[in-house]
Amino acid sequence: MAPERGFQGETLLDVRDLKVHFPTPDGVVKAVDGLSFTVHRGETFGIVGESGSGKSVTNLTALGLVNRKAAQIEGEVLFKGRDLLKLTPGELRHVRGKELAMIFQDPFASLHPMYRVGDQLIEAVKVHSNVSKKQAEERVLELLGAVGIPRPRERFRDYPHQFSGGMRQRAMIAMALTHNPDILIADEPTTALDVTVQAQILELIDHVKREFDIGVILITHDLGVIADVSQTVMVMYAGRAMELAPKDELFRKPLHPYTWGLLDSMPRIAQKGTRLLPIEGAPPSLINVPPGCAFHPRCPHRFQPCDRERPAFADRGGGHPEACHLTIEDKRRLWAERDARRLGVAV
Amino acid sequence: MGRYVIRRLLWAALIVFVVTLLTFVIFYVMPPGDPAIRFAGKQPTEATIREVREQLGLDKSLPKQYYTFVERLVTGDAAECPQGVEGCGWPGLWISYDSRTAVRQEIIERGPRTISLALGGAILWLVLGVSIGIISALKRRSLADRLAMGFALFGISAPVFWLGLLALFIFGSEGLGIDAFSTGYVEFSSDPVGWFSHLVLPWSVLALLYAAFYARMTRGNLIDTLGEDYIRTARAKGLPERKVIMKHGLRASLTPVVTMFGMDIALLIGGAVITETVFNLQGLGNFAVNSAASADLPAVVGVTLVLAVAVAVMSLVVDVVYAYLDPRVRYS
Amino acid sequence: MTEIVEPSGAARAGRRSGEEPLVSVRNLTKYFPITRGIIFQREIGRVHAVEDVSFDIFRGETLGLVGESGSGKSTTARLITKLIESTSGTVSFDGQEITKHSRRQMRPIRREMQMIFQDPYSSLNPRQTIGQIVGAPYVIQKTERNVKRRVQELMDRVGLNPEHYNRYSHEFSGGQRQRIGIARALALNPQLIVCDEPVSALDVSIQAQILNLLRSLQDDFNLTYLFISHDLGVVRYVSDRIAVMYLGRIVEIGSASDLYDNPRQPYTAALLSAVPKGYGENGAGARERVVLKGDVPSPVDPPPGCVFHPRCPQARLVSGREDEVPEKCRTEMPPLGEVDSGRFAACWYPVQPGQPLDLAAKA
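From first to last, the protein sequence lines stand for chains H, E and L.
Residues in the first sequence are numbered from 1 upward in steps of one, following our numbering.
Residues in the second sequence are numbered from 1001 upward in steps of one, following our numbering.
Residues in the third sequence are numbered from 2001 upward in steps of one, following our numbering.
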């Protein structure tokens, strides 16, 4: 069960023990395997993980964008009290793009290349509200201005290929904001962008969160991006949550060996003489997730129950929930030792 | 856009001339069979043959003949039309060695038949093929999909002459005996209903063949397109699924179909030979094959010209439609 | 066997004194023509991909090349390895100028310079086994007899199981494929390895493995790297010196830590400030984020004067106005001048240490 601590504000999304399994001829792909978390108004909830960790599937499932026929979905996704998984596709459609909006990784591919940007936004306005074309256009111009597209009246008539990557992502954000949603899900929103443009977009998302008073779910593989903008962070591995904590705690007192591995794998720009301590091996196939703790084959600190018993996702006294069998004392000691190794003091 | 169209038309004209020149060269070097002998009638004298050869310009060199051809094409051939031959005029395409009629006249007579066949068939197969393609893309791996793709396979593999004869057998005097479906061509202006009923079977046979290709192509393109990110965006907006597919999916997946459609129509104008033969339509395809077989140079060049113009015009139409459909082409 | 080229007198490339560079690039320029017309092609413009670039790479060092997309860093790598021909300028390798070399003349040099590419999925032939991929250079260059043993040694060295000699590349994960790529590059004992975004397609945990591998190989084989990446953290981790590119030009070059701690060219400063900081990175050199306005201009039509002036925060600070930049910035591209010993920056008004970069913040 996700903790109700750290963040004040209306609970918008409450995911409880979500499982998304895809049966395939080669076996069952356990894309998400028992995941719980909550997102509040005014919060940027960061989900970090490597490819195949299930971070995108979670949100696509919430939005009903995962083919329900192809997947076995269990658990609850409570959005403002309603279980999204129980809604019919028709009902879900009225939530999507209206109360729950999403932007994607590749702004070059996520706008239709054959329609004008303005028309694609007008369509987004009209799908959920009965307004004239003129009114819709006014709304779109207002939105384009709000996300920082210069000369919206001219750019309105452009096609996506006439926009730069950053502009396209701005247009996508404008589209997402059309109906003042409660939650904006941003799936790797800056991965395809240059670093200076990334900074612009992250700043815009943060600005939009305050201005529209919404909750943001930011999915990324980049711990730097997470550290920059989110308040709460969930670390995912092989479809499961490994650790969930307020950002400061996660970076200052991480409790899970996988989180340690991630932190120590990330080259930073302000480091001098420190060494990267990579995680050995590669992430598992989701068809063949290791028994017990999914991370144990790569974990340098594994011990007896790790290969048999799946650790519960719970607070073991460290102040926030994590899924690792080590005692809290061991975790504190091991993390301190890593500090020394990273700096090359002792090996 | 205007400048672009003009430039394209100039290119087309150049290509048409090159094609006719190549046709000339091929026929000039082709093995014998003196057309003059055939033209001169039964048991001609040396003198008659010489006269005929002179009259047809066969005594001239290739460049000279080609020059004459171009000259007639530009200025018309009414002035030098031999006695007893009708239908000369502009653009001059000279006289068929075989039928001793003006090629121009033949094309004017036969053109509408082929165009009726091609366009009618095209509309039918486009509607049929695209709808089957959409259905089987959306109901992938369902019974409908399997049936549709089975039908497609049948259409692709069944030879036209067999299908045509089968259709005639079923509906013709041997089978159901529906007279309206019998072979031959009826002028639209004289009897629109007859025109239509006589073309129904050839259209269907032609459409069956092409619809199969179009269904497969539409299915494949649509499946690819539905996997695109912008389709996910359209769904994330909350658009109804019908709109996601018909507006966002189809537009992108039909652009390649447009190219194929244009070229298919153009090539059919050059002759749906087998269909025309089976249903006794006496169109351009028929004419082309007969003329080629008897080395009837003016007739062959005439049909080639029509085909080249059709291809050039259709490719221009395709490009314009394409630019309309896909703005990325328009601006680059 | 070699023609000795006069060592260039230009000290502009940030050279260290008394050392002979392995690679020496002078005034390298590459334009890609944009043509229109099918038969009669006429040039209607040109992409200024690389413009007047000069630098040296010294033996045993890693030179990092950073820049955003379209900055010309990959084109520079392709010019140095002569995968494409330059428009003008020279490249010297190991003392000989190779710019005008024919394919034949390049053959012995090719084995001395190898490349590692970004996408480990498309850069390996799926129909070849690892043995064939890694052993291919031996066959092409006809040097080694006992290919298998040598290949297996290499596989072991780069962290692959030598028993997988007969497996196909699709049986491997992204990280392992990149190891195969590295083994292939190492096969002929090259002096220089050009790494073009070698870890950009990999997950963070795998990325760190590959970076550490590249570092340890450098020590073992005395390799020289030209390391290209858009990731400033990665570049810092592997590089001794770093060159920053913007719109086809090198705008700043210097030792890695100096350059990161104390950027002198405003673009470098803005770029570094834009990188999301890992937690608690507020040490020396950290400054307020400067969010650059607008997009990178098109390399088809680069701005006159300093290429960075339309977005430059420093130019606005100097003029004191948001909508005005000093005339010099608008009219003349600043040369890559020495601002500190070993530090070169292309700027008329280099950033001073500790100086704020934001006009609004200053006011």
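Treat the hints with care, since some could be wrong.
[Stated by the list, open to error] Each computed BS3-like pair below joins lysine-lysine, with the alpha-carbon atoms no more than 30 Å apart:
1. H:98 - H:126
2. E:1139 - H:86
3. H:86 - H:133
4. E:1139 - E:1064
5. H:69 - H:247
6. L:2293 - H:247
7. H:80 - E:1243
8. H:133 - E:1042
9. H:19 - H:98
10. H:209 - L:2293
11. E:1247 - H:126
12. E:1064 - H:86
13. H:19 - E:1042
14. E:1243 - H:134
15. H:69 - E:1243
16. H:126 - H:80
17. H:86 - H:134
18. E:1139 - H:133
19. H:126 - E:1139
20. E:1064 - H:98
21. E:1064 - E:1042
22. E:1243 - H:98
In short, the hints are calculated from the structure, not lab data.
Quick caveat, the model's predicted, so the values are computed rather than measured.
A quick look at each hint next to the structure:
1. H:98 - H:126: Given pair residue 98 of chain H, residue 126 of chain H holds - Cα atoms ~11 Å apart, limit 30 Å.
2. E:1139 - H:86: Judged against 30 Å, a Cα distance of about 24 Å means the pair holds.
3. H:86 - H:133: 34 Å, violated
4. E:1139 - E:1064: This hinted pair is violated, its Cα atoms lying about 63 Å apart.
5. H:69 - H:247: 37 Å, violated
6. L:2293 - H:247: 29 Å, holds
7. H:80 - E:1243: 28 Å, holds
8. H:133 - E:1042: 78 Å, violated
9. H:19 - H:98: With Cα atoms ~25 Å apart, residue 19 of chain H and residue 98 of chain H stay inside 30 Å; holds.
10. H:209 - L:2293: Given that 30 Å is the threshold and the Cα spacing comes to 21 Å, the pair holds.
11. E:1247 - H:126: The given pair, whose Cα atoms are some 15 Å apart, holds under the 30 Å limit.
12. E:1064 - H:86: Outside the cut-off at roughly 83 Å; violated.
13. H:19 - E:1042: Violated: residue 19 of chain H and residue 1042 of chain E sit about 91 Å apart, past 30 Å.
14. E:1243 - H:134: 21 Å, holds
15. H:69 - E:1243: Given pair residue 69 of chain H, residue 1243 of chain E holds - Cα atoms ~21 Å apart, limit 30 Å.
16. H:126 - H:80: Between residue 126 of chain H and residue 80 of chain H the Cα gap is close to 24 Å, so the pair holds against 30 Å.
17. H:86 - H:134: 36 Å, violated
18. E:1139 - H:133: 34 Å, violated
19. H:126 - E:1139: Distance of about 28 Å is within 30 Å: holds.
20. E:1064 - H:98: 75 Å, violated
21. E:1064 - E:1042: This hinted pair holds, its Cα atoms lying about 29 Å apart.
22. E:1243 - H:98: 17 Å, holds
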